[in-house]
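J.: My request is simple: use the sequences and hints to build the entire structure.
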Amino acid sequence: MIILKSADLSRRRFTNIVVPVCEKKSITAEARLAALVDDALSLPEFEGKKDDALVRYSTGGIKAERLIFLGLGKAKQVTEDDLRRMAANGVRRALDLGQPKVAIVMPDIETLKMDRESQVTAVIEGALLANHFFHRYRGKKERKVKALSAIEVLIARNEVNRLRPVAEKAVTVVSGALLARDWVSTPPMDKVPEKFGAMVEKAMEEVGVSVEIKDHKELAQMKFGAMLGVAMGSDSPARMVVADYNPEGATKTVVLVGKGVTYDSGGLNLKPAEGLKGMKSDMAGAAAVAGTLYNVGQLRPDVRVIGVMPLVENMPSGRALRVGDVLKSVSGKTIEVGNTDAEGRLILADAMAWATKTYKPDLMIDLATLTGACMVALGQDIAGVFTADERLSKALMRSSERVHERCWPLPMPEDYKAHLKSDVADIANIAGHRWGGSSTAALFLSEFVGKTRWAHIDIAGPAFTQKDSPYVRPGGTGFGVRLLCDLLFGEESSLTL
Numbered sequence: 026m027i028i029l030k031s032a033d034l035s036r037r038r039f040t041n042i043v044v045p046v047c048e049k050k051s052i053t054a055e056a057r058l059a060a061l062v063d064d065a066l067s068l069p070e071f072e073g074k075k076d077d078a079l080v081r082y083s084t085g086g087i088k089a090e091r092l093i094f095l096g097l098g099k100a101k102q103v104t105e106d107d108l109r110r111m112a113a114n115g116v117r118r119a120l121d122l123g124q125p126k127v128a129i130v131m132p133d134i135e136t137l138k139m140d141r142e143s144q145v146t147a148v149i150e151g152a153l154l155a156n157h158f159f160h161r162y163r164g165k166k167e168r169k170v171k172a173l174s175a176i177e178v179l180i181a182r183n184e185v186n187r188l189r190p191v192a193e194k195a196v197t198v199v200s201g202a203l204l205a206r207d208w209v210s211t212p213p214m215d216k217v218p219e220k221f222g223a224m225v226e227k228a229m230e231e232v233g234v235s236v237e238i239k240d241h242k243e244l245a246q247m248k249f250g251a252m253l254g255v256a257m258g259s260d261s262p263a264r265m266v267v268a269d270y271n272p273e274g275a276t277k278t279v280v281l282v283g284k285g286v287t288y289d290s291g292g293l294n295l296k297p298a299e300g301l302k303g304m305k306s307d308m309a310g311a312a313a314v315a316g317t318l319y320n321v322g323q324l325r326p327d328v329r330v331i332g333v334m335p336l337v338e339n340m341p342s343g344r345a346l347r348v349g350d351v352l353k354s355v356s357g358k359t360i361e362v363g364n365t366d367a368e369g370r371l372i373l374a375d376a377m378a379w380a381t382k383t384y385k386p387d388l389m390i391d392l393a394t395l396t397g398a399c400m401v402a403l404g405q406d407i408a409g410v411f412t413a414d415e416r417l418s419k420a421l422m423r424s425s426e427r428v429h430e431r432c433w434p435l436p437m438p439e440d441y442k443a444h445l446k447s448d449v450a451d452i453a454n455i456a457g458h459r460w461g462g463s464s465t466a467a468l469f470l471s472e473f474v475g476k477t478r479w480a481h482i483d484i485a486g487p488a489f490t491q492k493d494s495p496y497v498r499p500g501g502t503g504f505g506v507r508l509l510c511d512l513l514f515g516e517e518s519s520l521t522l
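Going from the sequence shown to the working numbering is simple: count from 1 and add 25.
Worth flagging that the hints you see were computed from the coordinates, not collected in a lab. Watch out, some of these pointers could steer you wrong.
Cut-off 25 Å, straight-line C-alpha distance, at most; resulting in silico cross-link-like pairs (DSS-like, lysine-lysine) [to be verified]:
1. K492 - K296
2. K171 - K138
3. K385 - K239
4. K382 - K277
5. K277 - K492
6. K248 - K382
7. K353 - K385
Values in this document were obtained by computation on a predicted structure and should not be read as measured data.
T.: Structure, rendered in structure tokens:
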């Protein structure tokens, strides 16, 4: 569906050609196209500023039905995400015009201050992410916009073979992110733990990653008291999915843990009506981990990667967990329940303690839609990162910047652990006050990872959106997949591992 091709505009006929333009500056090496850019820039309505757009039907001898000029802003300030947005806007322009195909011209290699691999990756990501729709629950008549059937990225002939592996990797990484998007957007009745576990298992089988699904009976035998405590109120039994990519000769082990509350009513601490609306997204951490493992199966790195996804529904009923109950986690620690809506940390506590003991990983990262407090601190578009490992934190920030899945480091003050003190158990699942909730939640989790090198990413804000942006439509965002892939298999991998 996306093809890296030689930018020979003299021999071929095109439907739509997207041409990136910098502010008052052409950034294409093709002489006829550069002349058309100069002509476009002479018009008062188009200056090449960021998100400027102009459609021209006079194509100066180039065999194309239309040229779509898209602004990137000042050449010295163009980022990977500006290219991502440009490609996405180009796809969306073609979709708005009812066209089936688009070709995107890569900028001249010498123009922008970033390597060619990053440029190609950003353009392909933006185009593919924008060309995705979640139409599963719409009738045929309501599927008014169809995805483009073909997207070409036009590049110099001598670059095609060298950059083809880069393009293929970008396509792979996006495939996992789109899977995660669809899973998050799926209605909760169609992804109760058993059904969601089956979805993940099917995806892993497609890419040769082994999967084991542990049911209620096995979890009880394993003494997953905290996780099963959360699941008590639901008629849908808990499941834990373990996806294990274990290549021969692997010397490093990474464990990824994702919170998988397939619907979070809050339990007996029932959420208000407004708060219930987006709670099908409370399994976005598990979706991101599964999407990443899907990519791992295709990328085939020489690192062992294990995805652990505890899946539960948090529902109120006569059997539901009560405030004041004490649960015994798989680690042996007892937990007093101060709020049944602080359930994500309970299922993660069991999953992380078990994974730490079972796999003794070199690195563990968990992703979770964990706290509203993180959204209060950082808004809806930025995830919070908690880790005592400064090198890991910096690597996450750099990956975050490259893929534009934005994160920000937040503190875990040691003295804040006192807020989780319980009079009847080893620890309470929530502080006795509302302040610093994302930090105390991270501190709670830190009690269940031992000395493992670990980072917690609170994705409560960016996992789900009601906004429409160039490459993210309303619904699940797939946040975390591209971030993890860049961290583990991109420029930072040697530093991270």
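J.: Against this structure, judge whether each hint is valid.
T.: Here is how each hint holds up against the structure:
no.	hint	in the structure
1	K492 - K296	23 Å, holds
2	K171 - K138	35 Å, violated
3	K385 - K239	20 Å, holds
4	K382 - K277	16 Å, holds
5	K277 - K492	39 Å, violated
6	K248 - K382	14 Å, holds
7	K353 - K385	22 Å, holds
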